[in-house]
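These are the residues of each chain, in order.
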Amino acid sequence: MRCSFTLAAFLLAASASATTQQTLRFVACPIYRDTDVGRKSGCWLADDPVSGQRYDVSKSPGKPDWDHAILVEGHPAQTQDDACGGVVLDAVRVSALNEHCPRTVIPQESYAGRKYALPKRRLSPSYVERKQAQKPFVERTFTIGFELGNDYPTYEHSDYYLETATFYALDTSPKSITIVGYADTTAAIVSGIKIVEEIAIAKRRAERVAQWMKMRGVPADRIHVSWKAAKSPSEADVFDELFAPSFRRAEITVVPSKP
Amino acid sequence: MKRIANFSFAFCAGIFAISLGVAALADPQSATNERWWSPGEKREFPARLDYKNDQGSLRLILLGGIADTSEHPFFKAIGPNGRACVTCHQPADGMSLSAKSASERWDRNGSSDPLFASFDGSNCPSLPNAERASHSLLIEHGLIRIARPWPPKDFAGKVTKPDFKLEVVRDPTGCNTDAQWGINSPRHQVSVFRRPRPVANFKFIEAIAFAIDPKRGLPVPVDPETNKPVGGNLTADGRVLSLKSQLNDAAGTHLEFLKHVSSEDVAQILDFERKLYVAQQFSNGAGELDTDGAMGGPYKLEISPPGRLGSQGIAIWSEFEAWERMPDSVKAKLPAERIAFRESVARGARLFREGTFKISDTTPFNQPALFGNPTRNACALCHNMSQMGMDVSPGQVDIGTTVVPFADSQPHLPLFKITCLAKPHPYYGKSFYSYDPGFALTTGRCSDVGQITLQALRGLSARSPYFASGSAKDLHAVIEYYDRRYNIGYTKQERQDLVNLLSVL
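Residue numbers (the working numbering), protein chains in the order written: chain U, 39 to 297; chain A, 3 to 507.
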């Protein structure tokens with residue numbers, strides 16, 4: 039029964055939110071709840087300063103750092119559990135900001151925590167046989183998402199998509215590979231903090247992706263790199279229908295030389 | 003003459019052992035010369051070789067063996083200082099070098115032993131080589147001087163501009179402020195002091211399970227010679243890309259062999275190193291380590307595929323799972339203390355992979371990789387390679403053993419003040435102190451200071467002290483360090499279980 043009223047009220051709002059695909063967006067200091075049901079089972083929580091609602095952001099691919107405020111962007115889960123003590127966001131991203139936070143660790147209390155399960159978007163070890171791309175080869179565009187202000191490929195998320203694109207490029211002897219980095223240069227005030235990216239991060243994203251592909255053996259002379267401010271969101275699966283994070287991306291278009 | 007006499011005895015004993023189909027088992031109490039391999043000795047390296055140590059005995063398996071090592075380039079002195087590779091990679095010491103062995107060599111031969119070559123077997127080459135004090139780090143801590151260029155150079159030898167300033171705060175060896183060998187000398191070298199890494203089990207050490215290093219957010223480097231992705235598990239600071247590069251690096255420094263090693267010698271050395279497996283085979287507490295369902299010892303290494311991720315395949319140290327619940331029929335044969343020790347090893351193995359604690363402020367896990375700071379995980383987060391305990395996504399991690407304030411006090415080592423010139427270090431801030439900047443001496447990045455390459459965890463009982471700077475004098479000290487660093491709160495029994503586990507690897 040714990041927080042049942044809050045949760046019920048929230049789910050009403052969440053339902054409306056999901057319909058309109060409004061991304062919940064706020065800045066907060068992260069709270070680590072020290073649950074222990076095996077590896078990677080600690081909970082990450084954040085309180086929305088406007089509503090006072092506590093959210094469970096543990097399902098974000100990128101995790102918080104207890105020294106820094108986080109930008110939370112997410113959708114509430116249709117099915118809520120109470121494993122961590124907050125409204126669960128299941129499509130969720132957190133980005134570490136420069137703003138300093140006090141380290142906050144709270145005990146497990148009566149919350150069970152959540153057992154780690156291998157995510158779908160994860161790399162397979164190289165000793166597991168890989169399925170090669172099948173003919174006919176067609177032009178494909180792959181999208182990579184990033185956290186705010188970051189060009190680091192998120193573990194068990196962006197790295198998966200980057201390798202998928204890389205393998206496609208390796209399998210199809212492409213005529214060209216176009217990499218475009220994007221930055222979210224439109225400023226927004228979130229929880230009283232200005233959220234905006236410099237165009238330079240778009241360049242870094244494109245160059246990081248290009249470096250990755252070159253290091254994996256994709257011919258450098260086929261790769262063309264550019265960057266720009268994102269003017270529109272992306273509907274790529276990688277963003278799980280989250281609107282705001284989709285402005286922070288890189289797109290890789292692989293054009294095979296032969297079908 | 004004494005050496006020849008001892009050699010004859012050893013040779014005959016070896017032949018005798020082989021004729022019986024058993025290993026040559028050296029007696030550590032009386033046959034120090036037999037344990038020690040001097041350069042150029044005419045000696046057989048059999049296919050199976052056992053050496054006693056304090057915890058039981060170590061076994062080396064060398065596929066095919068070598069009938070006579072005297073002309074083998076791993077065993078003969080190829081440089082002017084009289085050393086061979088084997089000088090610092092002794093079979094009885096798990097192909098590393100224990101501080102105890104170094105001390106015994108000094109007591110036996112003093113500075114005339116090639117081990118104490120002034121270039122890196124003394125605290126600084128400018129010190130009087132005949133004096134014991136000049137070799138105190140090697141004799142007392144098993145540490146070899148590693149001279150790194152400053153500013154750093156990349157894999158291709160190109161100078162990189164570091165994003166941190168390095169100042170010598172304390173210089174007990176005198177080498178970092180030395181007019182001939184110091185940072186400001188014409189050589190522009192930083193002297194750090196490290197334990198020799200074991201030269202064995204390379205099938206595992208060279209293996210990678212992922213061509214991506216999630217700790218760096220990039221693919222692993224590619225060896226320009228083979229054009230294949232390679233791991234960074236070979237040296238403490240990741241300064242070489244391949245075993246061949248490591249060999250040339252070692253020959254040019256530790257052996258003072260300034261020419262490149264011939265391609266024939268390279269091939270022979272690499273062939274030897276890649277055919278050699280080392281692990282503890284017998285435990286005083288547990289008995290044979292590959293019995294009653296357990297799968298310890300080096301034979302299992304020889305026949306197993308390398309580079310497997312423990313969390314998705316063969317669980318790390320599940321070699322000892324059968325000892326968790328031995329059948330009554332097995333227990334009936336064993337004394338109570340042996341049963342208790344085996345159960346302790348099995349508990350230690352489970353604790354190693356399942357006993358979680360909060361891992362925090364550890365680059366690059368907690369930052370820049372977005373694993374979370376803190377993140378709850380077990381020893382097996384980093385030590386994740388089945389049967390070896392290295393990282394299948396090879397690389398370096400800062401657990402604090404060489405950085406103040408986490409590091410144990412090491413007054414015998416140089417201390418450097420690190421000042422980040424661009425972004426502060428994510429956890430230590432703008433200025434902090436280090437005994438050995440580790441990986442940062444390769445990359446020039448302030449955020450990499452203190453990162454040290456994970457070690458293979460086999461044959462530990464043969465090669466104390468531990469950690470790159472030898473700061474843990476025994477296995478208890480290793481566990482105590484982790485307990486303190488990560489505020490784990492192990493019980494006395496848990497500590498002992500982990501120590502017992504490590505002792506049988």
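What the hints contain is simulated information worked out from the structure, not anything from laboratory work. In this text, all values refer to a predicted model and were calculated from it rather than measured experimentally. Quick reminder that beta carbons are idealized off the backbone N, C-alpha and C, glycines included. It is possible that some hints are incorrect.
To be verified - With beta-carbon atoms standing in for the labels, derived distance ranges:
1) A:Lys78 to U:Tyr154: 43 to 53 Å
2) U:Val88 to A:Gly159: 53 to 63 Å
3) U:Glu245 to A:Glu142: 29 to 39 Å
4) A:Leu423 to U:Asp119: 27 to 37 Å
5) A:Asp156 to U:Ala274: 51 to 61 Å
6) U:Asp74 to A:Arg327: 18 to 28 Å
7) A:Thr162 to U:Val234: 50 to 60 Å
8) U:Gln172 to A:Ala158: 32 to 42 Å
Legend entry - Unsatisfied constraints (hint numbers, rising): 3, 4, 5, 7
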